[in-house]
Structure formats: structure tokens, C-alpha cells
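Student: Sequence:
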Amino acid sequence: MIDLTARHPHVTPDTLLTTLRPSPRFQHVRFDTYQPNPHYPSQQQAQETLRAFAQQATPPDTGGFRLFRRRRPEGQGLYLDGGFGVGKTHLLASAWHSAPGRAALMSFQDLMYLIGALGMTRAVDAFKDHDLLLIDEFELDDPGNTHMANTFLGQVMPRGTHVIATSNTEPGALGEGRFNARDFQRQIQAIAGRFHTHTIDGPDYRQRRTTPEPPLTPDESARWEARQDPASLAVIQARDLSRHLLTVHPSHFPQLLDGVQALAIHDLTPMQDQNTALRFVHLIDKVYDLGTHAALTGVSLGRLFDETYRHGAYAKKYSRCLSRLSELLREAREEIA
Numbered sequence: 001m002i003d004l005t006a007r008h009p010h011v012t013p014d015t016l017l018t019t020l021r022p023s024p025r026f027q028h029v030r031f032d033t034y035q036p037n038p039h040y041p042s043q044q045q046a047q048e049t050l051r052a053f054a055q056q057a058t059p060p061d062t063g064g065f066r067l068f069r070r071r072r073p074e075g076q077g078l079y080l081d082g083g084f085g086v087g088k089t090h091l092l093a094s095a096w097h098s099a100p101g102r103a104a105l106m107s108f109q110d111l112m113y114l115i116g117a118l119g120m121t122r123a124v125d126a127f128k129d130h131d132l133l134l135i136d137e138f139e140l141d142d143p144g145n146t147h148m149a150n151t152f153l154g155q156v157m158p159r160g161t162h163v164i165a166t167s168n169t170e171p172g173a174l175g176e177g178r179f180n181a182r183d184f185q186r187q188i189q190a191i192a193g194r195f196h197t198h199t200i201d202g203p204d205y206r207q208r209r210t211t212p213e214p215p216l217t218p219d220e221s222a223r224w225e226a227r228q229d230p231a232s233l234a235v236i237q238a239r240d241l242s243r244h245l246l247t248v249h250p251s252h253f254p255q256l257l258d259g260v261q262a263l264a265i266h267d268l269t270p271m272q273d274q275n276t277a278l279r280f281v282h283l284i285d286k287v288y289d290l291g292t293h294a295a296l297t298g299v300s301l302g303r304l305f306d307e308t309y310r311h312g313a314y315a316k317k318y319s320r321c322l323s324r325l326s327e328l329l330r331e332a333r334e335e336i337a
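Per full-length UniProt numbering, residue 1 is the first one in the sequence shown, and the count goes up by one each step.
Incorrect hints may appear among the rest.
Label pairs and their computed distance ranges (CB to CB) [said to hold, decoys possible]:
#, residue 1, residue 2, range
1, His39, Ser300, 29 to 37 Å
2, Pro203, Thr276, 45 to 53 Å
3, Arg72, Gly119, 42 to 50 Å
4, Asp306, Pro203, 20 to 28 Å
Lysine to aspartate or glutamate pairs mimicking EDC-like chemistry, simulated, CA-CA at most 20 Å apart [as the list claims (entries may be wrong)]:
#, residue 1, residue 2
5, Lys316, Asp306
6, Lys316, Asp129
7, Lys286, Asp219
8, Lys128, Glu74
9, Lys316, Asp204
10, Lys286, Asp204
11, Lys286, Glu327
12, Lys316, Asp267
13, Lys286, Glu307
No lab work stands behind these hints: they were computed from the structure.
The beta carbon of each residue, even a glycine, is placed where N, CA and C say it ideally should be.
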């Protein structure tokens, strides 16, 4: 059995740069496998718009004499704004798979980590040969990443790199409720001005039922664990997991979960500290993206996060997490049915 608390991963920026591709859950998705909700035409429009946009990301013509080569035109930006569960990440991964040029897919948090670790000059240089950058969950949490995002985009896009970003927040409203965004409005508007926005509507496709899936009972969890391969199973108490996550940078969570095919978290309790809660949210995002099986026991999902968190500046992050937890729990029950 895998002991997560014994793992203290440290990932170099160079290593992270080699992993900027769709996660296992989205490894096989394509534009043709996306199923737009017919009641929300914006979903099919997004499918068509991203398919066409990805084809723009073609490598520059390197033939002929250097004197007559044309400089690449400035890269264009497409910003996919919509709620969780409408298929934004599916479409982003599809764009990566269909892009004819060199593409990289990463979360916004991964991008901020790379810029911080490499420095702006080296980070820009690392992506200078990319034709398309795909940034998932674009969000401005503080003045620091606002400045870094504005500077980074202002250097890579004029060189000809196209960018597609997804978010739960309209570009002009980035940062609201998280810091004094008014003081940084010029930079926020500069970021927003680089993108054409496409809004995608619709309900969360994961919520096929009217109520969230309840956590497993101890007996259900024991039966689920018995069906897993012990060599790739990690079992941990929720309190131990919370403490350990505070010692690991979120960009290293994939390495923390390396080789883990099944994760059992016992005795979840309400999370009173927002830093702890957001770390847990990010872990669940990685568990979901990696296609890791998961089972949880403890409090109901409705009690997991403090009410003020679920209606505050990070409300959409918490809602997405609860949606994904519900799906993971439903999948776990189907395994032991």
C-alpha cells in the first residue's frame, strides 16, 4: 500500500515542462467526442470555434532564405468563459490533440509556478517555439500573478504564439473579491484585451441526479478497498492528508499521486481553514484529471466546506470540487454494486 505522507515530491521546472499535455482522463477526448447539449447552442458554437482556432496554430515556414522569411503575425487569444461541468477542459484537450503545431496544455497555477521558478525571461524563452498555449482555469488570485500573467502574455503573444484560456470568470472581472482589483484594473484590462471571449452556457453535466452522492459508509469503503490492487492503493485519514498537503506545492500534486490508481480518504470533517480547503480542492482536481479512482467516508459533501467559502470569492472552485467528488463517489459505488 502507498503511504502518501512519506512522499515529499520536488519537481524541477524542466521536468514540469515535459508534462504539459492532456491528463489521463482527457487523453482520448477529441472534438468529435464532445457532445454539446442541444438546449444550449453556445456549446456547439464553442466546439466549432475552438476547432477552427486550433488550426491557426501552424508552425512558421522555415524554408527559403532567412532574408525573405516573414515574421510570424501576433498570436491571437480565445477565452472560453463558462460554469463548471460544461466541457471546457474537454474542448481544451481536444484543441491540443488537433493543433498542427507545437502546443502545451497546463493549468494557470502550473504557469504561475513555472514563471516563479524560472524567472520571466527563461519562462518566455521556454515557450518561444510553441504555436499554441492552452491554459486551464485562468484566474487572478493576487497582484503578483496579475503582473506575471500580463507580462508573460505581453511577451509570448507578440512573437506569434496563440493562446486559449478557460475560466469560470469573465476576463474583465478577473480578481474580483480576491484582492483590490481596482488598483490593478489597467493590467487586468490589458490581459482581457488580448482575448476574444466565447461564453459557453449550460448546466453541470456531472449532476445527473438532483442530490449529491453521499460519502461511502465504512463498510462500503472496506469493500471498495478490497477490490483495489494493494500496490497502487493509498489509504489515508483526512486529517493526515490535510496536514501533508500543506507541505507540498500544488504544482507537485501529480507527482504526489504518481502510481496511485486508487485513493481512499477516511473520516472527512468540515474544513474550517480556507488554505486547507483550497489545497484539498486542488488535490481533487488532480485526482479527477488523472483518472484516479477514489472513495471517501465522513461528513456529507454539503458540510465539507464552510458556508462562507462556498459563497465567497472561490465559490466556483468549491462548487466544481463538490461536483467532481459526487461523480467520484458515484463511480466508487458502481464498482461495488
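Student: None of the hints should be skipped; say for each whether it holds.
Tutor: Now the hints, each set against the structure:
1. Between His39 and Ser300 the beta carbons are some 30 Å apart, a value that agrees with the proposed interval 29 to 37 Å.
2. For Pro203 paired with Thr276, a C-beta distance near 29 Å fails the hint of 45 to 53 Å.
3. Between Arg72 and Gly119 the CB atoms are about 24 Å apart, so this pair departs from the stated range of 42 to 50 Å.
4. Between Asp306 and Pro203 the beta carbon distance is about 25 Å. The supplied range of 20 to 28 Å therefore holds.
5. Simply put, Lys316 and Asp306 have alpha-carbon atoms about 14 Å apart, close enough for the 20 Å limit, and the pair holds.
6. Using a Cα cut-off of 20 Å, the hinted pair Lys316 and Asp129 is violated, with the two alpha carbons roughly 34 Å apart.
7. Taking the CA atoms of Lys286 and Asp219, the gap is about 26 Å. The hint is violated against a cut of 20 Å.
8. Of the pairs offered as hints, the one joining Lys128 and Glu74 holds, with about 12 Å between alpha carbons and a cut-off of 20 Å not exceeded.
9. Among the hinted pairs, Lys316 with Asp204 is consistent with the structure: their alpha-carbon atoms are about 12 Å apart, no more than 20 Å.
10. Our distance criterion of 20 Å between C-alpha atoms is met by Lys286 and Asp204, whose separation comes to about 19 Å.
11. With a CA separation close to 14 Å, the supplied pair Lys286 and Glu327 stays within the 20 Å bound.
12. For the suggested pair Lys316 and Asp267, the alpha carbons sit about 24 Å apart, so the restraint of at most 20 Å is broken.
13. Between Lys286 and Glu307, the direct Cα distance comes to roughly 24 Å. Violation of the 20 Å bound is thereby established for this hinted pair.
The structure is inconsistent with the numbered hints 2, 3, 6, 7, 12, 13, although it conforms to all the rest.
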